[in-house]
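In case you want the letters, here they are:
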Amino acid sequence: MSEIVDDIKFIDEEGKRIDGRRVDEMRPLKIEAGVLKRADGSAYLEWGDNKVMAAVYGPRECHPRHMQNPSRAIIQCRYNMMSFSVSDRKRPGPDRRSIEISKIISEALENVVFTENFPRTSIDVYIEVLQANAGTRVAGLTAASVALADAGIPMRDLVPAVAVGKADGHIILDLNGKEDNFGSADLPIAMIPRTGEVLLMQMDGHMTMEELDLALSYAKKACQEIYDIQRDALHRRYASQAGTEDDNDDDDDLPDEEA
Amino acid sequence: MTNDVSRKEREIVIPGDLLEGDKLRPGAGTYVSDGKIYAAFLGIKSVKSNYINVIPMGGRYIPCVGDSVIGKVEDIGPSNWLIDISAPHPAPLHVNEVPWRVEFGDTARYMNIGDIILAKVLMVDETMRIQVTMKDQGLRKLQDGQVVEISPTKVPRIIGKGGSMIQMIKGYTNCRIFVGQNGRIWLDGEVDNIMHAIKAIRMIEQDAHSYGLTERVKEYLESVTQQDNVESE
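One line per chain: the protein sequences are A and B, in this order. Okay, so the first sequence: first residue is 325 according to this note's numbering, each after it adds one. Okay, so the second sequence: first residue is 102 according to this note's numbering, each after it adds one.
Quick caveat, the hints were computed from the structure, so don't treat them as lab data. Since this is a predicted model, take the numbers as computed values, not measurements. A couple of the hints might just be wrong.
As a list, the in silico DSS-like pairs of lysine-lysine whose alpha-carbon atoms are at most 30 Å apart [to be verified]:
id, chain 1, residue 1, chain 2, residue 2
1, A, LYS361, B, LYS271
2, A, LYS545, A, LYS361
3, B, LYS242, B, LYS146
4, B, LYS242, B, LYS300
5, A, LYS354, A, LYS544
6, A, LYS545, B, LYS146
7, A, LYS361, B, LYS146
8, A, LYS361, B, LYS300
9, B, LYS173, A, LYS361
10, A, LYS361, B, LYS255
11, B, LYS319, B, LYS149
12, A, LYS361, B, LYS319
13, A, LYS545, B, LYS137
14, B, LYS146, A, LYS354
Isolated chain A (complex conformation) (with noise of 0.2 Å):
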């Protein structure tokens, strides 16, 4: 990090930003569901630069059992950076920012998740970030919540999430590497765009009020956009296997079977 810091200018004169993008323009982002054999459900994530994996276990039989709960199931979440995700290597392990980030998605989750149809197991959700580049937290979340639906698990909703931020005195959209790191202000949302309802917020640097409307407007406008994406991703999953002709198939009649 060699950039010095005073010397960024982060809107040029035609209302662009330095990667080109407009203040209110999302890095593109694709997303593709059942990536993983073995895991229950799963999704791969890249959105600009990031790369984020998740995985989803379960309802499965809760360990340590003091954990369980026994009117509904618990999400417990693991979000993991690894350690060539980053330019300086990271140190492998949770650390502070890891602890909070999983705390914060597994809650986000368990507000969408029907729990109560699964007392006293646990739903596990692994995110793991494999390139990284500002917004990772709410690519985790957005990830993860495309995999819970594709294992299976009754929700209300998907969850997608963004980043919104000042720098320059401007409120932008999804936030990149720099404009994360030199600019002033970052606000992670989750929010469902049927009931707007928000699942996750946090911020770190200054807003005015006005400022933060706006900054929500373009949340939202985003979630929506991410929204669609997400159900495409699930969609896409099972397109291979939507015919079109007929046969006498039924999906649910259970005859009892025998040797």
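Position chain B against the provided structure of chain A, taking the given hints into account.
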């Protein structure tokens, strides 16, 4: 199951999708919010007798009373066995629920860790405490053979309407087959035939929601069984 309108197409829905349908009632795999019905699962929409359901595409086996399942003995206690039925919760089998008279502490003489059994789900309560039983017709320890696992949501397709699919596989391969509701399938017969049957099962699992599946499986089974006949002549 011959009544109705669900025949049109198989529509894939995603959690949170609004399921329209005036005068339809919310069925399995759905939830109601603000008086509207939404999908709770990634699955296929189906309408049956005024209920709108979502049939999930995947997910763990959730036991229901009366399901016949294939279990594996996981642990032995003095008066019970712990059976793994691939559910999220442990499933104990008490000595009173087996067809033999077992003395206290004598459990290991009857069944040991690793044994495969055919059992029935006796009880599931709201906190998902499970009990299984072997005291019913046809329930027993399964000797020999092998077990394959599929996703439990695909079990109805493996069995087929009125057992048609599984009967066809049995007919062509001459295997003895048991399908547990928990997605485990036990097969016994000649090695080659078992391999063909497993291949057919994998085929069904892979394309569970496509059309014309029965025909394709039949074609496959016909081709391999004929081939075997030619070779043996």
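Hint check results:
1. LYS361(A) - LYS271(B): Within the cut-off at roughly 28 Å; holds.
2. LYS545(A) - LYS361(A): violated, 34 Å
3. LYS242(B) - LYS146(B): violated, 38 Å
4. LYS242(B) - LYS300(B): holds, 25 Å
5. LYS354(A) - LYS544(A): holds, 19 Å
6. LYS545(A) - LYS146(B): holds, 28 Å
7. LYS361(A) - LYS146(B): holds, 25 Å
8. LYS361(A) - LYS300(B): Between LYS361(A) and LYS300(B) the Cα gap is close to 18 Å, so the pair holds against 30 Å.
9. LYS173(B) - LYS361(A): Given pair LYS173(B), LYS361(A) holds - Cα atoms ~23 Å apart, limit 30 Å.
10. LYS361(A) - LYS255(B): Judged against 30 Å, a Cα distance of about 16 Å means the pair holds.
11. LYS319(B) - LYS149(B): holds, 29 Å
12. LYS361(A) - LYS319(B): Answer holds: LYS361(A) to LYS319(B) is near 27 Å, not above 30 Å.
13. LYS545(A) - LYS137(B): holds, 24 Å
14. LYS146(B) - LYS354(A): holds, 26 Å
Of the numbered hints listed earlier, those contradicted by the structure are 2 and 3.
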